[in-house]
Amino acid sequence: GQQVMQIPQYQHVQEGEDFTTYCNSSTTLSNIQWYKQRPGGHPVFLIQLVKSGEVKKQKRLTFQFGEAKKNSSLHITATQTTDVGTYFCAANAGGTSYGKLTFGQGTILTVHP
Amino acid sequence: GAGVSQSPSNKVTEKGKDVELRCDPISGHTALYWYRQSLGQGLEFLIYFQGNSAPDKSGLPSDRFSAERTGGSVSTLTIQRTQQEDSAVYLCASSRGSQETQYFGPGTRLLVL
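For the protein sequence lines, the chains are A and B, in the order given. My numbering applies: residue 1 is where the first sequence begins, and numbers increase by one. My numbering applies: residue 1001 is where the second sequence begins, and numbers increase by one.
Simulated from the structure, these hints should not be mistaken for lab results. All C-beta atoms in this analysis are idealised placements derived from N, C-alpha and C, irrespective of residue type, glycine included. Heads up, a few of these hints could be off.
To be verified - With a straight-line Cα cutoff of 27 Å, these simulated DSSO-like cross-link-like pairs (lysine-lysine) come out:
{"hint": "1", "chain 1": "A", "residue 1": "Lys-36", "chain 2": "B", "residue 2": "Lys-1015"}
{"hint": "2", "chain 1": "A", "residue 1": "Lys-36", "chain 2": "A", "residue 2": "Lys-51"}
{"hint": "3", "chain 1": "A", "residue 1": "Lys-70", "chain 2": "A", "residue 2": "Lys-36"}
{"hint": "4", "chain 1": "A", "residue 1": "Lys-36", "chain 2": "B", "residue 2": "Lys-1017"}
{"hint": "5", "chain 1": "A", "residue 1": "Lys-57", "chain 2": "A", "residue 2": "Lys-36"}
{"hint": "6", "chain 1": "B", "residue 1": "Lys-1057", "chain 2": "A", "residue 2": "Lys-70"}
{"hint": "7", "chain 1": "A", "residue 1": "Lys-70", "chain 2": "A", "residue 2": "Lys-59"}
To be verified - Not close to chain A: a few residues of chain B, all C-beta gaps over 10 Å, as computed:
{"hint": "8", "residue": "Ser-1007"}
{"hint": "9", "residue": "Asp-1056"}
{"hint": "10", "residue": "Arg-1081"}
{"hint": "11", "residue": "Pro-1106"}
Modelling step: build the complete structure from the supplied sequences, incorporating the hints.
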């Protein structure tokens, strides 16, 4: 079955430092979504990437989808304490798996003030 | 409320007992998903309903797990003869259609003693 690997598992940064999490799929994807889960909360949708090589920005967050549509990254510039949480990628393979998301294990981000 | 709701928020049960978890999706959303999240882990896909189509049950871990969705709205996840390894947070999500943004409920925290 489809596998989605997300690294790193943990990332500790000082406030103001940058942060990047990477997501790799064993198969070509239809699209990829990113979610954020605050401690004690539930996942909240951040963005969806559909096109090969797509780059989208949300304020300090930059999302990229690889040319081969098998990998993606989320980069946060100048982290703030409000960025704390777990960031998940969620891959959609399409085809017979249409609609089903396979989540990565997540990257837990802690930000030290 | 406009969001996904789940009940109960917490459930403590004894090993061997059956439990039912309920999910009320956002009105008008045709797709409904169940996930399981163990402590500090990612989201494990369980089952996916889309409209009147047969559900995708490929993620159900054993035949003790079942789910139904009545009238295309409310869904119930049933776990029979619960085991301690079933302890986790069970999250429900709904979306307007397949491959669209998933909106998560607050989850049901299940503890099997």
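Outcome of the hint check:
Distance check on the hinted pair: Lys-36(A) and Lys-1015(B) sit about 33 Å apart at the alpha-carbon level, beyond 27 Å; violated. For the suggested pair Lys-36(A) and Lys-51(A), the alpha carbons sit about 21 Å apart, so the restraint of at most 27 Å is met. Straight-line distance between C-alpha atoms of Lys-70(A) and Lys-36(A) comes to about 20 Å, which keeps the hinted pair within the 27 Å bound. For the hint pairing Lys-36(A) with Lys-1017(B), the CA-to-CA distance comes to about 34 Å; that exceeds 27 Å, so the pair is violated.
Under the criterion of a C-alpha separation no larger than 27 Å, the hint pairing Lys-57(A) with Lys-36(A) is consistent with the structure, at around 15 Å. A hinted pair counts as satisfied when its Cα atoms are at most 27 Å apart, and Lys-1057(B) with Lys-70(A) qualifies at roughly 25 Å. A hinted pair counts as satisfied when its Cα atoms are at most 27 Å apart, and Lys-70(A) with Lys-59(A) qualifies at roughly 25 Å. The claim that Ser-1007(B) is not at the interface with chain A holds, since no C-beta of that chain comes within 10 Å of its own (minimum 14 Å).
The claim that Asp-1056(B) is not at the interface with chain A is violated, since a C-beta of that chain comes within 10 Å of its own (minimum 6 Å). Distance check for Arg-1081(B) against chain A: the nearest CB is about 26 Å away, which clears 10 Å, and the non-interface claim stands. Interface exclusion of Pro-1106(B) from chain A breaks down, the closest Cβ pair being 6 Å apart, not more than 10 Å.
Hints 1, 4, 9, 11 from the earlier list are contradicted by this structure; the remaining hints agree with it.
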